[in-house]
Each structure stands twice: as structure tokens, then as C-alpha cells.
Amino acid sequence: MSIFLAALLLAPGSAGTSYLTATPIDTTRPVQVSAVTGDYLYWSFPATAGQQPELTAKVTLPPVADRHGYQAWTIEVFDGLRRRQPCVAGEQSPIVTNDATEVALGCKLRQVRSWAEPSDQDPLPGTYYVRLSSTALPEQDLGLPLKADLTLTAEKGDTGADQGKLAAPLNPVNRPGTVMTETPTPAPSSSATPDESWASDLVPEFSSRWVWTASGGFLAAIAGLVGFSFTRRRRRA
Numbered sequence: 001m002s003i004f005l006a007a008l009l010l011a012p013g014s015a016g017t018s019y020l021t022a023t024p025i026d027t028t029r030p031v032q033v034s035a036v037t038g039d040y041l042y043w044s045f046p047a048t049a050g051q052q053p054e055l056t057a058k059v060t061l062p063p064v065a066d067r068h069g070y071q072a073w074t075i076e077v078f079d080g081l082r083r084r085q086p087c088v089a090g091e092q093s094p095i096v097t098n099d100a101t102e103v104a105l106g107c108k109l110r111q112v113r114s115w116a117e118p119s120d121q122d123p124l125p126g127t128y129y130v131r132l133s134s135t136a137l138p139e140q141d142l143g144l145p146l147k148a149d150l151t152l153t154a155e156k157g158d159t160g161a162d163q164g165k166l167a168a169p170l171n172p173v174n175r176p177g178t179v180m181t182e183t184p185t186p187a188p189s190s191s192a193t194p195d196e197s198w199a200s201d202l203v204p205e206f207s208s209r210w211v212w213t214a215s216g217g218f219l220a221a222i223a224g225l226v227g228f229s230f231t232r233r234r235r236r237a
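Note that my numbering has the sequence shown beginning at 1, numbered continuously upward.
Be aware that a few hints might be false.
As the list claims (entries may be wrong) - 30 Å max Cα-Cα, derived DSS-like pairs, lysine-lysine:
hint : residue 1 : residue 2
1    : K156      : K108
2    : K147      : K108
3    : K108      : K58
In short, the hints are calculated from the structure, not lab data.
Given these sequences and hints, build the entire structure.
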């Protein structure tokens, strides 16, 4: 009991607000953080082949007198490729009534495999992300203080059936990019006068379309004359 209390006192009291700022955690000590309703809390942890990570969370809700209705909470786990991993055990998305003082959540992942086909969506070695958030609550309850406790455990299993090994763990690549230099815009040519520019816009450049248009007009005129010669009434002598 004393060991658990000491670990709790040393628990890291921070959480990220996105994947990039997720706070690293491990199985050696639990996490306790102060936050407010409406926050998205992010943590990250490493997982190796054969492990079956399990996350247990407890949220101490704001005082009952300050709340105005039920709340829905969820705990989600994503791999290094931001793929949401299903939970095989645990209360992942509980709903609490207005008279509840705390809510317990849990998510136990499938066993991490040493390799898998890309289409399998199986958990693979690498970095995983935990997101704890409230998905539904009255608007008046936003910003109320709360406390969140998170514990990570990872049982070790057998990976002999995989018969393979991942070339590199699924860790995020958070390398900043470089700012591209702006391509200079060519200045308009000063050789063309406004009158020449207006004339070039009004009359298109010469092309084969001019030949086809002139030929079509000439043939249409010939056809009109021939048709008129057949249809006009001849005068009697």
C-alpha cells in the first residue's frame, strides 16, 4: 500500500492536448492530472511485440451541485499511424448520471504482434496514443474542474505464432519541414503597348481554324447560290 501511495505522489501531473504534445507514460507509475471538462487529454506509451497493453482510467467529476445533466466519457487508443485500435475488454464509453461523483473507464488492446499485413489493422510494435475526453455534456458544464487518473499495464504473451518481424516500429515522424522560398513572379513585358495588347486579345492568332472557317463560308455561299438557281421562278419569254 505504501509503495502505491509513493508512486501516486510521484505521478506525472501533465497531459498533452494533441498527438504532438502527448505526455509519455509507462507501466512503472500511474498518472494523475488536473483538468477541466471539455479538455482532450493525450498520453503516449511504447509497446513491444507480445505485450497486451491495458489502460484503466478514473475521472473524478466536478461537484454534483455544479453540474446540469448527464455526461458521456470515452477512452481511445491509437497506434503510431493514428489508427484507432479496438478494445477487447473494459468500459470504453460509459455514461454517468448527474448524481455520480466519478466514472471509471478501461481499454484492453489486442496482443501486439511482431508483424502483420497492412490490411489487417493489427497492433504492431511502436508508439501508442491514449485520448481521454468527454463526448457529451451540457454546455453549462464546460470548464468545470476535474481530476483524471490513468494506469497502464502490459502483460507479456507469446509471439511465436507470428513467424515474422517488423522492420521498424510504428513511431511517428515529427521532423519539421523546411520553408520553401517564394518563386519570383515574372514582371509583365514592357515591349507590348496597351494598343497591341488590346488588338491581340480581340483578334486571335492565325491557325488552321482560319482556313476551315473561310472554306466553310465559301462552300456555304456556293450552296446558297445553287439552291437559289433551282428554286427561283423563271421568266416567260
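Comparing the hints with the structure gives:
1. The hinted pair formed by K156 and K108 meets the criterion: a straight-line CA distance of about 13 Å does not exceed 30 Å.
2. As the CA atoms of K147 and K108 are separated by approximately 22 Å, the hinted pair is consistent with the 30 Å bound.
3. With a C-alpha separation of about 15 Å, the suggested pair K108 and K58 falls inside the 30 Å cut-off, and the hint holds.
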